Amino acid sequence: MKQRALTFLLSATLLGGAASLQAAEGGSIASKVEELGKMTYLKVSDMRAVKRDGLLRIQVTISNSSSDNQQLFYRFRWLDDDGFTVWEEEPWKPEVVYGLQKKMINAVSPSFKATDFRLELQAAKNDGAPLSGGSDHPAKNLNQ
Amino acid sequence: MTKITSTRLLLPALLALSLGACQTTSPAIGDGSVAYGDSKAVETVTTDLGSTDIQMIAEKMTQSLLQTPEIQTAIKKRHLLMASPVKNKTSEYFDTRMITDTILTQLQKNGVKYVIEGEDMQNQVDELSRQNQSGLYKKSKSVKMGNMQGAKYRLDGSISSIIKKNSSMKDVYYKMNLRLIEIESGIVEWSDEKEIRKSAKR
Chain A
1 MKQRALTFLL
11 SATLLGGAAS
21 LQAAEGGSIA
31 SKVEELGKMT
41 YLKVSDMRAV
51 KRDGLLRIQV
61 TISNSSSDNQ
71 QLFYRFRWLD
81 DDGFTVWEEE
91 PWKPEVVYGL
101 QKKMINAVSP
111 SFKATDFRLE
121 LQAAKNDGAP
131 LSGGSDHPAK
141 NLNQ
Chain B
1 MTKITSTRLL
11 LPALLALSLG
21 ACQTTSPAIG
31 DGSVAYGDSK
41 AVETVTTDLG
51 STDIQMIAEK
61 MTQSLLQTPE
71 IQTAIKKRHL
81 LMASPVKNKT
91 SEYFDTRMIT
101 DTILTQLQKN
111 GVKYVIEGED
121 MQNQVDELSR
131 QNQSGLYKKS
141 KSVKMGNMQG
151 AKYRLDGSIS
161 SIIKKNSSMK
171 DVYYKMNLRL
181 IEIESGIVEW
191 SDEKEIRKSA
201 KR
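As given, the protein sequences belong to chains A and B, one line each in that order.
Numbering-wise (our numbering), the first sequence opens with residue 1 and increments by one.
Numbering-wise (our numbering), the second sequence opens with residue 1 and increments by one.
Hints were generated in silico from the structure; no laboratory data involved.
Fair warning: this is a prediction, and the values are worked out from it, not measured in the lab.
Built from N, CA and C at the ideal position, the CB exists for glycine as well.
It is possible that some hints are incorrect.
The list that follows gives simulated cross-link-like pairs (lysine-lysine, DSS-like), each with its CA atoms no further than 25 Å apart [stated by the list, open to error]:
hint: 1; chain 1: A; residue 1: Lys125; chain 2: B; residue 2: Lys40
hint: 2; chain 1: B; residue 1: Lys89; chain 2: B; residue 2: Lys175
hint: 3; chain 1: B; residue 1: Lys109; chain 2: B; residue 2: Lys77
hint: 4; chain 1: A; residue 1: Lys93; chain 2: B; residue 2: Lys194
hint: 5; chain 1: B; residue 1: Lys175; chain 2: B; residue 2: Lys87
hint: 6; chain 1: A; residue 1: Lys32; chain 2: B; residue 2: Lys87
hint: 7; chain 1: A; residue 1: Lys103; chain 2: B; residue 2: Lys194
hint: 8; chain 1: B; residue 1: Lys170; chain 2: B; residue 2: Lys139
hint: 9; chain 1: B; residue 1: Lys109; chain 2: A; residue 2: Lys93
hint: 10; chain 1: B; residue 1: Lys201; chain 2: A; residue 2: Lys125
hint: 11; chain 1: B; residue 1: Lys113; chain 2: A; residue 2: Lys93
hint: 12; chain 1: A; residue 1: Lys102; chain 2: A; residue 2: Lys43
hint: 13; chain 1: A; residue 1: Lys103; chain 2: B; residue 2: Lys40
hint: 14; chain 1: A; residue 1: Lys93; chain 2: B; residue 2: Lys76
hint: 15; chain 1: B; residue 1: Lys201; chain 2: A; residue 2: Lys113
hint: 16; chain 1: A; residue 1: Lys113; chain 2: B; residue 2: Lys109
hint: 17; chain 1: A; residue 1: Lys32; chain 2: A; residue 2: Lys102
hint: 18; chain 1: B; residue 1: Lys170; chain 2: B; residue 2: Lys89
hint: 19; chain 1: A; residue 1: Lys93; chain 2: B; residue 2: Lys201
hint: 20; chain 1: A; residue 1: Lys102; chain 2: A; residue 2: Lys125
hint: 21; chain 1: B; residue 1: Lys141; chain 2: A; residue 2: Lys93
hint: 22; chain 1: A; residue 1: Lys113; chain 2: B; residue 2: Lys77
hint: 23; chain 1: A; residue 1: Lys38; chain 2: B; residue 2: Lys77
hint: 24; chain 1: B; residue 1: Lys40; chain 2: A; residue 2: Lys113
hint: 25; chain 1: A; residue 1: Lys125; chain 2: B; residue 2: Lys170
hint: 26; chain 1: A; residue 1: Lys43; chain 2: B; residue 2: Lys40
hint: 27; chain 1: A; residue 1: Lys103; chain 2: B; residue 2: Lys175
hint: 28; chain 1: A; residue 1: Lys102; chain 2: B; residue 2: Lys194
hint: 29; chain 1: B; residue 1: Lys170; chain 2: A; residue 2: Lys93
hint: 30; chain 1: B; residue 1: Lys113; chain 2: A; residue 2: Lys113
hint: 31; chain 1: B; residue 1: Lys109; chain 2: B; residue 2: Lys76
To give an idea of the interface, some chain B residues facing chain A are shown, with a C-beta separation under 10 Å as derived from the structure [stated by the list, open to error]:
hint: 32; residue: Ala58
hint: 33; residue: Thr62
hint: 34; residue: Gly186
Model the full assembly from the supplied sequences, consistent with the hints where possible.
Structure follows, in structure tokens:
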């Protein structure tokens, strides 16, 4: 699936967010996304970032090309202009993406220092089963 | 004589060599049955409230709080915050301070100042009393009584759950509600919720 060019809403200046997205500007989706394993059905189809009130706001659209539900795990890494992490590791977050759904994920940086980000994604099982774990999953001990 | 000396020297050397051969290059001690895991991993051991739930709730609330004008003003004007105990209305036992402590810590990293309360207060009172009333401390080098500052805002909230079961599955729905209240007026300046659904096959 083709990835659309990363759309950054540079309304930061309009909305009074003086700090611009220097490090984040002009990238592609691929440069912001880190897939832990090949995702067959889930793709990042849109990504927007804007700095508002000093906080980086991200909106990501995840599209599921399969008719089955897919289990996704994601988290953001928040960086400054020099590429240093400005926040501790985020917890992995589970998200179910229904068959053929376009799921919006919204996030706000937990720190005013964040000017750039990376999105870590993991849905390598590609089997649509939310409760089927493996050692490669960020999910820990999925046996109930 | 020479023979005895060489044997004496040889034995410890052999022992050291054999012990050295047993050692591994790993800095870990143990037989491998215990391992450290990723504290940020998605934990789905049971449907009970777990580390991932606590982390997700705290993260969502912090993100939401940081966007509120009251908190942004509190950072600029050093308005103080405190956290009242969050009511646990679920059927499970867990310390709700785990959530509010994380929220306060994350807000504090962004410049929000908060005051202590509840069980931490006793230590504070003890130390103030020790410095002022024990007679052990030089007056010029001890802190004064009566200068503690009260909070302008407090966090309050509750966590509830609905559990449904049938023969094949168990479904648990958690809802955490958090509010930011201006203490003087009692006005709720901000509130947000985090919902979590966990299902398990039986």
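- Query: Any hints this thing doesn't respect? Which numbers, in order?
  - Reply: 6, 8, 11, 14, 15, 21, 23 and 34
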